[in-house]
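Engineer: Once you have looked at the hints, place chains B and H with the ligands on chain L.
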Amino acid sequence: MSESEKPVSLKDTIRLCALVFAAVVCATGLMIYTSFLPHYGWTAKVSIILAIATVNAFLVAGYLMHLLSEKKLVYTVLGFTVFFVIGLAGLTICATNGFPPGTVSH
Amino acid sequence: MEIPYTTEHRPDTGLYNAKLGVWLFLASEVMLFGGLFSAYVLLRVGAEPGMWPHGWLNVTLGSINTLLLALSAITTLLAWAACKVRDFGKFKIFHACTMILAIAFLGIKSYEYRDKFLHYEIALNNGTFADGHLVEKSADFDLANKTGAVTLHGHIVEDRKELMDLRSPEAQKAEHKELVIPAADIKKMQNYGPWHNTFTAIYFTMSGLHALHILGGTLVIFYLWGPGSRMYKTDPERFTNRIEVSGLFWHFVDLVWIFLFPVMYLT
Amino acid sequence: MQSNVQQFPPFREVPPTHAHHDHGHGEHHEPGFWQKYIFSTDHKVIGIQYGFMALCFMLFGFFLMLLMRWQIAHPGVPVPVFGPLLEKILGQPAAHGAISPDLYNSFGAMHGTIMVFLGVVPLAFAAFGNYVVPLMIGAPDMTFPRINMASFHAFFLGGVVMLVSFFIPGGAAQAGWTSYSPLATTIPTHGQAFWLVGMVLLITSSLLGAVNFIATIVQLRAPGMTWMRLPWFVWAQFVTAFILLLAFPPLEAAGVLQLMDNVVGTSFFLPTGLAVGGAVGQASGGGSPLLWQHLFWFLGHPEVYVLILPAMGIVAEVIANNTRKPLWGYKSLVYSALFVGFLSFIVWAHHMYMTGMGQKIATFFQATTMIISIPSVIILTCMFLSLWGGSIRINTPMLFALGFLPMFGIGGLTGLPLGLAAADLYLHDTYYVIAHFHYVVAPGTIFALFAGVYFWFPKMTGRKMNEFWGRVHFWCSFTFMNIVFMPMFAQGIKGMLRRMSDGAVNYSATRVPNAIDALPGTVMQLNGFILWAAIGLGIAQIPFIINLFWSISHGEKVNSDNPWRATTLDWQTPTPPPHGNFSHTPVVVRGPYEYSAPGHAEDFTPQDEPVDGAAPATTAHH
Ligand code: HEM
Ligand SMILES: [Cu+2]
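Residue numbers (this note's numbering), protein chains in the order written: chain L, 1 to 106; chain B, 1001 to 1267; chain H, 2001 to 2622.
Accuracy of the hints is not assured; some may be wrong.
Said to hold, decoys possible - Reference excerpt, derived from the structure (chain L facing chain H, CB under 7 Å, subset only):
no.	residue
1	Y33
2	F84
3	C94
4	A95
5	T96
6	G98
What the hints assert, rightly or not - Pairwise CB distance ranges, derived in the manner of DEER restraints:
no.	chain 1	residue 1	chain 2	residue 2	range
7	H	Q2035	B	N1058	51 to 59 Å
8	H	A2279	B	E1175	37 to 45 Å
9	H	Q2035	B	K1233	46 to 54 Å
10	B	D1087	H	T2226	36 to 44 Å
Hints in this document: simulated from the structure, not taken from any laboratory.
Just so you know, even glycine gets a beta-carbon here, dropped at the ideal spot from N, CA and C.
Chain L extracted, bound-state conformation (with noise of 0.2 Å):
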């Protein structure tokens, strides 16, 4: 309810969006220092670009949408939401995958 939620404070919104916009640029050049980095191979690559990624992602949703302090309604729907997704590509890859040895050209 409204009641329950904390009032806005202008100044600390700007404190905490120039914590959240800071973050962001260190994850950013990250990636992108890690993507320059020769002595790895793509894969270890983009599993850490995609872990850096997602703290990024955390950060937005988190704070910027405010989904850390979200109703359990949200949780519900979005947590349905995200199994959903995961199902979609991970059975899709498992079903592309799965082909019997021999059966596809490459």
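Structural biologist: Just chains B and H with the ligands now, kept in the frame of chain L:
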């Protein structure tokens, strides 16, 4: 009877209608981009070995765009906070920034698109490949009649695979110069549009869809900033809610880019 | 959080003795024609708009099917009566009034698309959902009335795009309602692009609708209308809305990708080295045809629950009302619906066993498919058990609801062999599959929709539809439906494939006498038999159509706002409900199916009737 909970929160859910509405909408957007990202993964995993491109996009421009969007996400939140504390002047300033940042983003994006459309790969009759940016086409250039010539700024490679990883030491070393190629030597000429290969296809489609979201979001923000802001005088709470809801959409669009950028530009 | 219901005045609508249309709402100006019928934001008007459009599309889709059945029974023979007309409208593809194979493909693809996306979904979900759900939960309207209007307009546009595609050179889409790539990209017609644009519009419409439904059910339930007091119909619509919300976007994504393939020349779904018409194509290749199938069926399977759940919801309401007793196992019904909705997202690849996926993943999808049939069976069982010991009132809605039960049973049970890879490899793409899902959607869902039309018609118009012609409609439809679809099981088991414009003549024993498993003459004769049954089915709809329009102005007037003596809130409103629906916010004090409560004078107790001796405000709990 009036529709309840347009501004006040329903006690058992703690939400007003539009907020629930936008989260539901965002859930469907997650599924939409989820489907597209799945397609990306599948195409990439299914690509023939060595044929998935690396380093084809301009990291500097991509990074700038990332920062522009992150900044705009922040001005959006501040615009909402300004409304919340009933500081209309600051709201106007913050959201003006949001729109400027969004337009800058779209500007850079179009520049990148243009660059891809001017980039050609030409399969030559002798089995080699010329690759580079279009400098000019001679006036009588005609592929079908084999007249005229085209000038590229680029280089020639023996094997298409060499064009795939622009981050590789060999590609970095390659010397780029002006090449004049007569139409008679050309087997096939194609620019780096969506039809070029599955990477450009998914890149154009996903970033294009994302750009459409930016455009749509900008229009909504413009409406709320301009003509729609009259509501601030009559019903400030409801107006603030509108800013919050549109802000949530905008942040989501930023979220998509946070994944698009590394996936397309960095890996 | 304490109870929040106290602030509303206790209220009880007393059933009036006659219907009244001017229910004392002087403060609302009479809107003009455009405001009232085209740009209306009232959920009831939008519901009726959807319903009317959907019925028209369904009739059109049925007509396409009749033409196809003619072609199957008499391949290459000019269509009687309509042939010359077809040739006039469509030209070359219908030369001499006969249906060419390409035209047959167009009709097939559009029959499926129209029936599913322009017929059943808009009628079951959008029309009944829009009209009934806000009334049932005691809400003044949908949460976002203008988005509701936009949803209808997107639907309308989508329908127009689909219809226009018949008239472009090359004709409408020909790759089936499933639009598998690369077929969908290589057929030389822009019909497919129209199909995709139409689909994107229809998907948009459904998404807007879904957001609206969920928000309405969550946010606008009247005081005291707790989750477990929701009529089951509302639960069914709620789950349906979630399915639409989360399953449709991947198809939208796929649609955009296929549109790129068709219009821009990308190769998302085109494999390397794809040859078209004997020559290697121009496309860059590297794409995956299976990707389309996954994205399509990720919607496609949940979609079948979109088709069936609202129908089950209607049947549940009609049965509870006409057995005059509570639904058996309300809670099991609720949890089954939720479970079906959830599980429907992870069974889709049972449509793709023939793609040769590996054992492990096939096993996974077989397991989930078998599991999902359990809640479906629970739902059906609950409805059968609800009949037990009831003093059943037989009327047209009840007949259709009762007809639904065995028909859905047949459809569902014949799905089980299809869910097992070993059996499906044989049955896939045969008429067995056609029979299976038509039993579910035609005598199943569509019967339930008829039940709904007959049932809620008095609320919409203040008059009942004619009972005698209603029964004629039911018994004829029931008979012909079964004669149409039952033989298809036999044809399918004998190996007759679907989607063949010559009705399988080229595989028949007369054409290839020495072939092993050539289709025997009996199987071929069934084609002619089915044609006549289908025509009979068409004729059986004439009483319905006339009855529907005639009753609007000439039907028997109902003598109360609650002619079926029902408990749910939709019947506690004026007839027809005015703008804003309720004159006061109803306060709900009991569950949805309080029929024949012992010690009660009437054999039904409306959900908002105050509890005797106590003010409703203090007894309602949250
Ligand atoms: C109750 C359990 C059910 C099971 C186990 C089941 C199983 C299946 C399977 C495995 C197929 C694919 C057959 C093939 O193509 O070879 C199929 C097709 C189909 N089913 Fe069901 N089904 C069930 C219920 C339903 C329901 C409730 C509906 C619709 C309201 C439905 C509609 C369809 C449709 C439309 C198709 C054909 C899709 C096409 O065009 O290929 N099914 N079913
Ligand atoms: Cu299925």
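Engineer: Take a look at whether the Cβ-Cβ distance between A2279(H) and E1175(B) falls inside 37 to 45 Å.
Structural biologist: Once the Cβ atoms are compared, 38 Å apart, the range 37 to 45 Å for E1175(B) and A2279(H) holds.
Engineer: Within 36 to 44 Å or not, the Cβ separation of D1087(B) and T2226(H)?
Structural biologist: 41 Å, holds
Engineer: Taking 7 Å as the limit, does the beta-carbon of F84(L) come near enough to a beta-carbon in chain H?
Structural biologist: The hint holds - F84(L) has a Cβ within 7 Å of chain H, the shortest such distance being about 5 Å.
Engineer: Let's test the interface hint: is any C-beta of chain H closer than 7 Å to that of C94(L)?
Structural biologist: Check passed: Cβ of C94(L) comes within 5 Å of chain H, closer than 7 Å.
Engineer: Is the gap between the beta carbons of Q2035(H) and K1233(B) within 46 to 54 Å?
Structural biologist: 27 Å, violated
Engineer: Mind checking the CB of T96(L) against every CB in chain H and telling me if the closest is under 7 Å?
Structural biologist: Cβ of T96(L) sits 6 Å from chain H, so the hint holds.
Engineer: Take the shortest C-beta to C-beta distance between Y33(L) and chain H; is it under 7 Å?
Structural biologist: With a minimum Cβ separation of about 31 Å from chain H (threshold 7 Å), the hint on Y33(L) is violated.
Engineer: Quick check: does the Cβ-Cβ distance between Q2035(H) and N1058(B) fall within 51 to 59 Å?
Structural biologist: 52 Å, holds
Engineer: Does A95(L) pass the interface check with chain H, least Cβ-Cβ distance below 7 Å?
Structural biologist: The hint holds - A95(L) has a Cβ within 7 Å of chain H, the shortest such distance being about 5 Å.
Engineer: Against chain H, with CB atoms and a cut of 7 Å, does the hint on G98(L) hold up?
Structural biologist: 3 Å, holds
The structure fails to meet hints 1, 9 from the earlier list, while all remaining hints are met.
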